[in-house]
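Novice: Below are the chains, spelled out letter by letter.
Number of protein chains: 2
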Amino acid sequence: MADNQTFEIIFEANAVAVGKMRNDIEVSWPRMQETFSLATDEGAFHGGDGTAPPPLALFAAALCGCLMTQIRAFAKRMRLSLDGLQLSSKFHWQGETTPSNVYETQPIEFEIIIHIESSNDQERIIELITAAKLGCFIEQSLSKDFPIKHYVVHNGESIEI
Amino acid sequence: MADNQTFEIIFEANAVAVGKMRNDIEVSWPRMQETFSLATDEGAFHGGDGTAPPPLALFAAALCGCLMTQIRAFAKRMRLSLDGLQLSSKFHWQGETTPSNVYETQPIEFEIIIHIESSNDQERIIELITAAKLGCFIEQSLSKDFPIKHYVVHNGESIEI
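Chain order of the listed sequences is A and B.
Just so you know, we're using our numbering here: the first sequence kicks off at 12 and counts up by one.
Just so you know, we're using our numbering here: the second sequence kicks off at 12 and counts up by one.
Simulated from the structure, these hints should not be mistaken for lab results.
In this text the structure is predicted, and so the values were computed from the model without any measurement.
Hints are not guaranteed to be accurate.
Reference excerpt, derived from the structure (chain A facing chain B, CB under 8 Å, subset only) [said to hold, decoys possible]:
1. 105
2. 141
3. 142
In silico BS3-like pairs for lysine-lysine, Cα to Cα no more than 25 Å straight-line [said to hold, decoys possible]:
4. A:144 x B:101
5. B:87 x A:155
6. A:155 x B:155
Just some of the chain B residues that point at chain A, by a computed CB distance under 7 Å [to be verified]:
7. 16
8. 49
9. 77
10. 91
11. 108
12. 131
13. 135
14. 162
The beta carbon of each residue, even a glycine, is placed where N, CA and C say it ideally should be.
Produce the entire structure from the sequences given, and follow the hints as far as they go.
Specialist: Structure representation (structure tokens):
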């Protein structure tokens, strides 16, 4: 469409390694003049002090939060009812040790189950979830080389999308 | 190598939409019996109350934290000195509005500058950063369809890796 409009979203992050395994991370959104102080750490098994969530916990929360935010924002834009929204998800990675005593990693499968309460019919709900996937900045940044399975549970019926 | 060993990392997340745009997200790491309570929200411009960072801030922190954690963990495993580690990064996405009043998103470019203080030579530092990229669960989950640029600044010299 000739009249589609584009917009840019730019975040910046400055991080410093402190303590044993902790990272203090200042994330800023310059256009909104907003800054967020975040941190990661590791548990004792990985040499840390457990003062903050590990990076993979932040990642899981980020992806869930992004998708849910777009489902809510797009439901309004598409004039759909949304009476309840919950999500349960599982993130599976594999590591493989190498001869140089480190390890290489790969994603195996992500599974996201979207529980949605809405008076709209299944067809419209599928349109909503499909749009939210395409509107989720994080999901669109993920590799296409491993399965990311989405299921929506709407009025008690589970559908893969 | 026949004697390489694999291991699985599985995180789970359960999230519920509350308030205007807030999401409460319980992330668990069942094998470690650990649970982390996280949240996302949006600012007023996007209909939220600003009670928590937006999902993209968590994402940026997660990727920075994961890469830094592996640089530190792998420096030990590779017997390298590491006297200082900081990271500055920029995450650029684009949105494009659609005729159905929503928008589609895509990553444009991520840039990560790794500032490292180490008495080891450049060749070993490049080995370390290369290994950490392959060992970063989050980076390995990202799309290969857009540029993710890495630079290491070591002893005042910037090198693209």
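Novice: None of the hints should be skipped; say for each whether it holds.
Specialist: Checked hints:
1. Here the hint on residue 105 of chain A is kept, as its CB sits about 6 Å from the closest CB of chain B, short of 8 Å.
2. Annotation: interface hint on residue 141 of chain A violated; nearest CB of chain B at approximately 10 Å, more than 8 Å.
3. A distance limit of 8 Å between C-beta atoms decides the matter here; for residue 142 of chain A the minimum to chain B is near 5 Å, and the interface restraint holds.
4. For the hint pairing residue 144 of chain A with residue 101 of chain B, the CA-to-CA distance comes to about 23 Å; that is within 25 Å, so the pair holds.
5. The straight-line distance between the Cα atoms of residue 87 of chain B and residue 155 of chain A is roughly 33 Å, outside the 25 Å bound, and the hint therefore fails.
6. Only pairs whose Cα atoms come within 25 Å are accepted, and residue 155 of chain A paired with residue 155 of chain B is accepted, the gap being roughly 8 Å.
7. Contact between residue 16 of chain B and chain A, as hinted, is supported at the beta carbon level, the nearest pair being about 5 Å apart and thus within 7 Å.
8. The criterion of a C-beta within 7 Å of any C-beta in chain A is met by residue 49 of chain B, whose closest approach is roughly 4 Å, and the hint holds.
9. With a cut of 7 Å, the hint placing residue 77 of chain B at the interface with chain A holds, because the nearest CB-to-CB distance is about 4 Å.
10. Restraint check, residue 91 of chain B versus chain A: the minimum CB separation of about 11 Å is more than 7 Å; hint violated.
11. Against a cut-off of 7 Å between C-beta atoms, the interface hint on residue 108 of chain B holds, since the closest Cβ of chain A lies about 5 Å away.
12. The interface hint given for residue 131 of chain B is broken, as the beta carbon of that residue sits about 14 Å from the closest beta carbon of chain A, more than 7 Å.
13. Interface hint status for residue 135 of chain B: violated, as the beta-carbon distance to the closest one in chain A is roughly 11 Å, over 7 Å.
14. Taking 7 Å as the C-beta cut-off, the interface hint given for residue 162 of chain B is violated, the closest approach to chain A being about 14 Å.
Of the numbered hints listed earlier, those contradicted by the structure are 2, 5, 10, 12, 13, 14.
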